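*Asks:* Chains A and B, in that order, give the protein sequences. Residues 1 to 249 (the numbering used here) make up the first sequence, in order. Residues 1 to 349 (the numbering used here) make up the second sequence, in order.
In short, the hints are calculated from the structure, not lab data. Misleading hints may appear alongside valid ones.
[What the hints assert, rightly or not] From the structure, some residues in chain A lie toward chain B, with a derived Cβ separation under 7 Å:
no., residue
1, Ile63
2, Pro95
3, Met112
[Said to hold, decoys possible] Here are the simulated distance ranges between beta carbons:
no., chain 1, residue 1, chain 2, residue 2, range
4, B, Leu256, A, Ala125, 51 to 57 Å
5, A, Glu140, B, Ala22, 33 to 39 Å
6, A, Asp143, B, Ala199, 25 to 31 Å
7, A, Gly198, B, Ala44, 53 to 59 Å
8, B, Leu131, A, Asp143, 30 to 36 Å
Because the structure is a prediction, the values reported are computed rather than measured. Backbone N, C-alpha and C fix where the C-beta goes; we use that ideal spot for every residue, glycine too.
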Amino acid sequence: MSPDPRQAAAERPLLEVQGLVTTYGHVEALKGIDLAVEEGEIVALIGANGAGKSTTLRAISGIAPASAGRILFAGEELRGLPAHRIVAAGVSHAPEGRRIFGTLTVAENLRMGAYSLGSDRGAIAENRERVYRLFPRLAERRDQLGGTLSGGEQQMLCIGRALMARPRLLLLDEPSLGLAPLLVKTIFDTIREIHARGVTVLLVEQNARAALRLARRAYVLETGRIALSGPAAELLADERVRRVYLGAG
Amino acid sequence: MGRERDNGAGTGRWGGSMIESAAAILRIARRRPLLVQAALLLLALLLPLPLSDYYRTVAWRTGIYVLLGLSLNVVVGYAGLFQLGHAAFYAIGAYTAAILNLRCGVPLLAALPASVAVAGAAGYLITRPILHLRGDYLAIVTIAFGEVVRLALVNNLFGITGGANGLSGIDRPSLFGVELRAPIAHYYLMLFFLAVTIAAMHRLERSRLGRAWLCVREDEEAAAAMGIDATRVKLQAFVIGSAWAGLAGGLFAGKLTVVAPDLAKFMESVVLFCIVVLGGTGSIPGVFVGACGMVTLPELFRPLRDWRDAWLGITMVVMMIARPEGIWPSRRVQMEIRGEKEEARAPAG
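Just chain A, with the same shape it has in the complex (with noise of 0.2 Å):
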């Protein structure tokens, strides 16, 4: 137990990332990531594939081991807590290719979002209202099987239902991934909104040009080690970034 937990939370970033190292097997994927996510930001974690961006995620929500570092948030070490822990902790993840319950319907999806809240009833109904309002194509088809909605639905619904558990945290991992590009522009629009109402984001994304623009900070990430990072508008303007992540001649 530090001294006041309290006062060096304020002080400290909401989200901060040691030395991160994750290992699957001989392979490394990550080898020491450091990052920091302040409360109330959007930050975009942008590289090739493979360079460990979701293995970043992953490690983070404790679903992927993390064998070295420290994941700090608000103060208290996640690194080692099961993922149920890191959920009641606040910090919701939307995992890569949607993940969606597709025997559930997209009400029942939802509530599952809110599983760490418990039986409460009164929370748990709230924060639906709160989605659907977000998402009111969800309101529409809250009755339909997860499995039968459409890619943009499903992508609103994984989101959804990380918002379900109201975290201070929200990990997106490939939230354009397999989207038309309007869908992708109606994803990003209620990532900016989720974030307007308090939420801090943190954001994987191939689509680096989408994500820079919309991320306050970034970092790029190059086979397991963070090879650039600064705000998000320096980034875009970056000769070497330009040519590798967003196809500028």
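Fit chain B to the given chain A structure using the hints.
*Replies:* What follows is chain B alone, placed relative to chain A:
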């Protein structure tokens, strides 16, 4: 047009009207579940009356296997875990009742809670270290644990299990001072516990825990991201399933008045597994269908009894090819299995 429609139905007028009336009955059944339940309960109450003692015992045996099937269904159907040593907990429940009765003079019905508790505790101790195993590996380890229990009973564990011959001379259960001796009395005793179990399972399916099992079964990682403690809910499935098998074991000991290590033999676990999987994984009516197929039919038709293992193997192979979700599966499990099949068929990328 007319010809095409006939071809589409494909079954002719007689078959078509049969299917239509069956569908009509099912529709009514869907809308009035209480009516159906009341009718089924009445049927179960009246069933033994016209039967001879032999067939009453067959009905009792079937009921015990339904009870066991429902208990295994918690593990296999709800939580989606392999358990091929389930008979061990049945045996533990039976032996608990037997030992308490023979050694401490506890009346059989009073020993039933202990059967439930000891089997549940054994389920906890045995499955706690192996919960991280998945699929086939879990299946193999559960087979091994089942055998360990059987061999411990054969080797006269703590000198109280009676070795290979088991224990005999157990008191029959008595209710309000009346000893339950006739098969029909045991049938009604079993029916009481079966009705309670079905009501409990029905609630369990729809509970928070039931939904958590469903999520873990469908996608363990997504479930973890939802804040579900997968290890804990799996353990709960094993403990509830084992405890309930222990109840069936206690009832068995009271009827047969003899318990033997054979209760825990591997083939018994296989039969239980088949009851759940062939009947319909995750479904209460499916367990009934499975128990009738695996227990009642072989009792009624001698040729089936003599060839039961062969018939078991053939049925298993045919079912896994033609209808892997079982005869009367839960709708969700059916969707899950069909979905997986389609995914496997779809080209990657």
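*Asks:* Now, for every hint given, state plainly whether the structure supports it.
*Replies:* Results of checking the hints against the structure:
{"no.": "1", "hint": "Ile63", "in the structure": "6 Å, holds"}
{"no.": "2", "hint": "Pro95", "in the structure": "6 Å, holds"}
{"no.": "3", "hint": "Met112", "in the structure": "5 Å, holds"}
{"no.": "4", "hint": "Leu256(B) x Ala125(A): 51 to 57 Å", "in the structure": "52 Å, holds"}
{"no.": "5", "hint": "Glu140(A) x Ala22(B): 33 to 39 Å", "in the structure": "35 Å, holds"}
{"no.": "6", "hint": "Asp143(A) x Ala199(B): 25 to 31 Å", "in the structure": "27 Å, holds"}
{"no.": "7", "hint": "Gly198(A) x Ala44(B): 53 to 59 Å", "in the structure": "57 Å, holds"}
{"no.": "8", "hint": "Leu131(B) x Asp143(A): 30 to 36 Å", "in the structure": "34 Å, holds"}
Hint compliance for this structure: no hint is broken.
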